[in-house]
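K.L.:
Residue strings, one per chain:
4 protein chains.
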Amino acid sequence: MSEIKEECGIVGIKCPQKKSLAYDVYFGLFALQHRGQESAGIAVSYDKRKIYYYKKMGLVNDVFDEDVLNDFPVGDCAIGHVRYSTTGSSNVVNAQPVVFYGRFGRMAVAHNGNIINCDSIKSEMMKQGHSFLSSVDSEVIASLINLNSEEGLLSGILKSCTKLQGAYSLVIMADDKLVAVRDRHGLKPLVMGKRGDEIIFASETCALDSLNADFVRDVQPGEIVTVDENMNISSTFMPDIERHSCIFEYVYLARSDSYIDGRSVYDMRYECGKYLAELYKIDADAVAGVPDSAIVAARAYSETTGIPLVDALSKNRYVGRTFIQPSQSLRENGVRVKLNAIKNNIKGKRLVLIDDSIVRGTTSKKIIKLLRDCGAKEVHMLIASPIVKFPCFFGVDMDSKDKLIGGYRNEEQINEIIGADSLHYLPIEYLIKACGGNEYCAACFDGKYPVDVEKYNCGKFVLEI
Amino acid sequence: MSEIKEECGIVGIKCPQKKSLAYDVYFGLFALQHRGQESAGIAVSYDKRKIYYYKKMGLVNDVFDEDVLNDFPVGDCAIGHVRYSTTGSSNVVNAQPVVFYGRFGRMAVAHNGNIINCDSIKSEMMKQGHSFLSSVDSEVIASLINLNSEEGLLSGILKSCTKLQGAYSLVIMADDKLVAVRDRHGLKPLVMGKRGDEIIFASETCALDSLNADFVRDVQPGEIVTVDENMNISSTFMPDIERHSCIFEYVYLARSDSYIDGRSVYDMRYECGKYLAELYKIDADAVAGVPDSAIVAARAYSETTGIPLVDALSKNRYVGRTFIQPSQSLRENGVRVKLNAIKNNIKGKRLVLIDDSIVRGTTSKKIIKLLRDCGAKEVHMLIASPIVKFPCFFGVDMDSKDKLIGGYRNEEQINEIIGADSLHYLPIEYLIKACGGNEYCAACFDGKYPVDVEKYNCGKFVLEI
Amino acid sequence: MSEIKEECGIVGIKCPQKKSLAYDVYFGLFALQHRGQESAGIAVSYDKRKIYYYKKMGLVNDVFDEDVLNDFPVGDCAIGHVRYSTTGSSNVVNAQPVVFYGRFGRMAVAHNGNIINCDSIKSEMMKQGHSFLSSVDSEVIASLINLNSEEGLLSGILKSCTKLQGAYSLVIMADDKLVAVRDRHGLKPLVMGKRGDEIIFASETCALDSLNADFVRDVQPGEIVTVDENMNISSTFMPDIERHSCIFEYVYLARSDSYIDGRSVYDMRYECGKYLAELYKIDADAVAGVPDSAIVAARAYSETTGIPLVDALSKNRYVGRTFIQPSQSLRENGVRVKLNAIKNNIKGKRLVLIDDSIVRGTTSKKIIKLLRDCGAKEVHMLIASPIVKFPCFFGVDMDSKDKLIGGYRNEEQINEIIGADSLHYLPIEYLIKACGGNEYCAACFDGKYPVDVEKYNCGKFVLEI
Amino acid sequence: MSEIKEECGIVGIKCPQKKSLAYDVYFGLFALQHRGQESAGIAVSYDKRKIYYYKKMGLVNDVFDEDVLNDFPVGDCAIGHVRYSTTGSSNVVNAQPVVFYGRFGRMAVAHNGNIINCDSIKSEMMKQGHSFLSSVDSEVIASLINLNSEEGLLSGILKSCTKLQGAYSLVIMADDKLVAVRDRHGLKPLVMGKRGDEIIFASETCALDSLNADFVRDVQPGEIVTVDENMNISSTFMPDIERHSCIFEYVYLARSDSYIDGRSVYDMRYECGKYLAELYKIDADAVAGVPDSAIVAARAYSETTGIPLVDALSKNRYVGRTFIQPSQSLRENGVRVKLNAIKNNIKGKRLVLIDDSIVRGTTSKKIIKLLRDCGAKEVHMLIASPIVKFPCFFGVDMDSKDKLIGGYRNEEQINEIIGADSLHYLPIEYLIKACGGNEYCAACFDGKYPVDVEKYNCGKFVLEI
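Residue numbers (the working numbering), protein chains in the order written: chain A, 86 to 550; chain B, 86 to 550; chain C, 86 to 550; chain D, 86 to 550.
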């Protein structure tokens, strides 16, 4: 069984009085569905130290219907989770939130990210006599917090966070409190919102919008925000904070109508398109973007260069993202059914085709072939980010250098495989500029991991369970 | 129980030798998923007069997984169906294809459209002692063809078609033949394709593309195309052919990468946007389209007027179309989760917002409010089709004048409800011009029904079953 | 696919006012569960010409839970069905009641028995243009009745019954009436009961008991009893009535607490044991019966001979009858898990073992081996019925002479296979005497079929569908 | 939520080489189905420290079909569990075996019994930072063993067992060993068998029989039997062993073809009937037993007194035991459908009716009424055990004195409620004699609990979770 990687979405809500919170979490998760399509779960705290929960494999809409939502009790605190993972762990026992009985009665935890020293923490705890029911990080995080909380939940979280290495944004429901945590690098996004006197945490601002809540601020790297039973909000910080927000959230993962750490994802993508236009002048008849995420950059390219923008590809709205399909065989079939060409917009044209990134390269190759089959005279490909050269150990499914088309290849070598007339990537400095100049983890592009991945055996050692 | 309305998609494939046809039909149906999300079914003829089938409520992807597809026998003929219908009939017994034992052993029929004299045909057959298991048109069509086929399948189809009033595109599998039928008005689309020596029929060309098949031609209004056991193709025509293709297929129903009756849906939508630009000059800062179907028209408007195009709205790709949601309560919640605003593109701007049509008006009202809430200074709405004033009796879910916002209102009165700064529709003559000038059924706009709907009691009499 | 054989149970209830009839039918079916464990279904008429129904594969308890029963509307007429069939047709489309739309609006039919000229009726109807959705007799019966009812339901039933050859007890719900029908031979049982002003029909009296209803009388061979909308009861008779009630109902099929045609099944089985005692004196230490159906005969044998009765075998109450298990492989495993020996009662003893009948012989062989393994010194087997020599074409699953252990063998030859110390069967004249001396169909024992089975190609021709 | 009580069945198998063990466990569980009908589960150890498992709500036959069994890998060790519990905990998270990752890789535990100090152990462990996912004893037992195993599995089990108060028979699969444990009182039965070179443990000998295994011996009170990876068998004993085997296993719970602690359950029940005959001479025409468990005692009564034995009641074999039905409402309906009377055997007769025990009294009352309604002149009731006066805290569902009909009543007062002509119970000394004179826990009859139930707050304190 392979190591588990996750790209997930989380939501947490706390209100002063009881209400049908399951519906709110449901709509929040629905807005975050793009972050994980494998399982979904909601936990509602309905009485002192009691929690009702429901989680299942499937899309938010499949897991929760009105019957299921109506079965939830009213409550004043709730969290939710959507999860994507690689095939090996497609099992409901690995779905989140993790809910158990511990020091504080029932406790629930939802997690986005990847803990790279999870196996060593787990082994250590096992040596002390702890046992685990699933193979997910989240259970380890939850158990560790519970174990460390002999002097209270907050001190338990703080103590645990100094041990956890890697990426984690968490919402925790225990002891009648809702706690939101973002790791000391701020790798995974987490925002705080407000609707009337309710406090809402979510992976992205689009979830706040869907709940008609106002954005308050980003949870800061290393910050632990607690909303207690009286709705008092307080903040604590972990030691050794060094911001390294995941730059790939902007490139691909986040929804374009979200803001991450103050920067509009839409605007950032637009700017990448503008930079491509400045860098790569191509003698072409039309510009097109690969839907959906590269349409924005394509528009920017067109508006900057004056080359007309066309819709070259039509996407079947009933497929998930290629990137996010579990098996390789499905991935290959995926493209055939996912994209179709708008022939009249292509025939006889010299095209500039813009995509946000290339991970494995299979999709790009098929698209270029499709466009040529439909009469494109030339296809010049521009990528709105640098070459993906390194695996991610923090929750994004790019698991080894040799599965990445750019792992050991330069632009020219990559283009030999995908078959465009020309291929160019956006240099890293432009990407960072577009993101607004913060400190980022761009390790998938430059290999500079914010933590010592060698030490934690990332990509080498896999706990066999 | 209310009268049944359907908007459906159909596929039929015939090949010279046996193969795993279920997979092909599956991919074809997947491309037609936008035509119906309620149920899906596939029937494969695997031996002389024998048919294996599987149908269930749900999306194509939910109904068919690899286990289910592998259970299908290899065969040389297969048909498939996706279905949308109003709530009342959400029952698997109404799913298609309809498969039964009749004169030719097993027979299977898949139907897109609505037969307006179905009740009288049914009553007549019942008087003769026939019985029916479901409440769908398709069973009546299938039984009628079987009943009339004493001199052969083709003569049975021809005889039956002279009785059936209304809209129907059919694929029929019986007597080792695949037959494709389009009603004498050509109301519903139906195309024929070829892949090697295989013949494929489908509701739209996008299904041919997804199967990597070449488009051969449209099935003509009133045409009955037969592919026999030796792959011989022959054509017969019904009497009284008068083309009245459904214009709403271009406006909204079809995928923009499809061609209907030789006209590119994408180009048609682009032209509508151009006409809007010519007709309605608005002093605005930006143009935006309601995703997905109105984006094309918005681009055309922008390119014609020079007013910059922006993305004002972001769509959650995991929702189906608002138009196509069963219950009213879900419909209202739908908007909240379906669309979000890209605030930076809106704030302080005078916007032109383009949509393809307005049916009930609820969505438009919410969108305009959303845009104003996000800081839009003005919202001028343009609709790329005329006012929907009349119900459709041919398979599109617009069931009574008083549920249509334009049923008894003019532009101004409609705008009072939806609350834009101004509202304009595209006049009918421009719409027809954009479609390529064929003969259309535009009854939902002009009330000119191609058949005598009074005579068939449409919208008045509902057979209570 | 093999010809379909059924042993089924049916229930019908009519009351003067509406009530939650589904619960009553449920309890009635539950009492008849021994007659069929493959599928169960209930149909309730809840409004003029309208019927709600639910049917599924599984035991009554699995198919219906409180949620499902509560979904049924209140009604004044209802029917139900439990079904057993051979593997080939284990498909929900073959479950009963058959419900469809016909001359009388919705009509529902439940059937116990087997129509031997079903294929020719079906073929004839198909030639006239009728079609069928399933492969069960019941749909043919129902369609035929509907077809023949141009002058009313009753005349349609009467006309149809003169065409149907074979065994059928029916309950029919149509035209606001409940009709109970028993074929002209009275092959399958059918009784009428009363509870207050409600009329109840059922396959066996034990269902009346479970509903706390009083037994009124048996429906007579060839009788058609109608309970109309005003609770008026009337009777009509078919021509050519010749009683040939199925003797195997007494031997094995019916529950011992039921009465069939006025005769207590328990008393009949007791008498068979007495006759065995008179005929076969065996020098033994103990008598035992094979549970459950032969315990009664064993007690009679013991009480007549004075040889003590012991429990030799213990039955796992969670298995169905061996006889009634679908697949051969399951049948063989079945015995291992179905019966265990009470060793202390067996060890060192010379046993008389009594069973009701031997069909395939597999079970008997295993039991005898089991008893010897547990220390029995001798095992003398007595069968409370004659050798089963001929297949049944009327709904009992004994399908060909060569699958019957007694098909071509006498007592001695059979015993060579099953391995008892001695083996004796009850002669037919004693069996008939025990049953009360009516006219019976004992064709499985004597080959005298009440209808011309050669003519109808029974056991030879199988319609391939 | 109420405290959880369980009556369960367990199986464990260890063999020298890998095979399809899931099938064997399945047949073993099937033989133990009477011990629990709520959920079933199987775990197979298929590789060093790896375990595959499957558990679900439902009967053994419903949970496991051939597909599910074939999904299990081959293995050399396996355990299984069937479970009955009160309504509150009918949740799959509470199904067994409990399987988790711990010191030994995967570990699996199946448990029959009830730990009365479970809450205090749980609280203590929680204080140390442990967490629990379910609310069942078994998870606490499993976690405790894992926690205590720092010096090896066996020492961990031994250490844990000195802490656990109450009833438990366990099979444990960990560290490539199979371990069987019986509490120091021997409250719950557990036997060891052998088939070739395979070792099998099971709750009752009937499971060994069904697997065609030979009975070796009972696991002794306080014994821990280990079968290691090389099939070496070794035994260890806990301190403070005092045999108090549950006497109710003989009275009602066990199958009559089982042997418990060397005593045949059948013979014991027969002897109880003989004692009743000696104690209570009644002037009657016939004796009958309530099926199934009291039939044996009735036969003994008849054979001792000479009063003829009759079958008065017929039981629907598709119902579980009344005693073992979850909800009160179902329990009441249960009787109506569960038992019917054989009228001819009752009418005009003075009956002695024998039952094994009376817990709540509802069933007895209904049976007596049923017999009188069917014409019995007199009904004298004899119970083959004493009055149930006290709740059981060790896994049998008799939860409070006031729900027991005999909680505060004597024979006469009980009879006033159930309405027999006379009522007598078997005195405790006779019961103990019939069981063979061992040391028993007969606390439900005499209130002498083998552990200090006051101290552990049994029946008072319920951990609210």
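Calculated directly from the structure, the hints in this document are not laboratory data.
Be careful, since some hints might not be right.
Any copy will do: because identical chains look the same in the list, a pair fits if it lies in one copy or spans two.
Below are the DSSO-like pairs computed for lysine-lysine, each with C-alpha atoms no more than 30 angstroms apart in a straight line [said to hold, decoys possible]:
| no. | residue 1 | residue 2 |
| --- | --- | --- |
| 1 | Lys533 | Lys248 |
| 2 | Lys518 | Lys262 |
| 3 | Lys262 | Lys533 |
| 4 | Lys279 | Lys474 |
| 5 | Lys450 | Lys400 |
| 6 | Lys454 | Lys400 |
K.L.:
Hints the structure violates: just list their numbers, smallest first.
P.N.:
2, 3, 4
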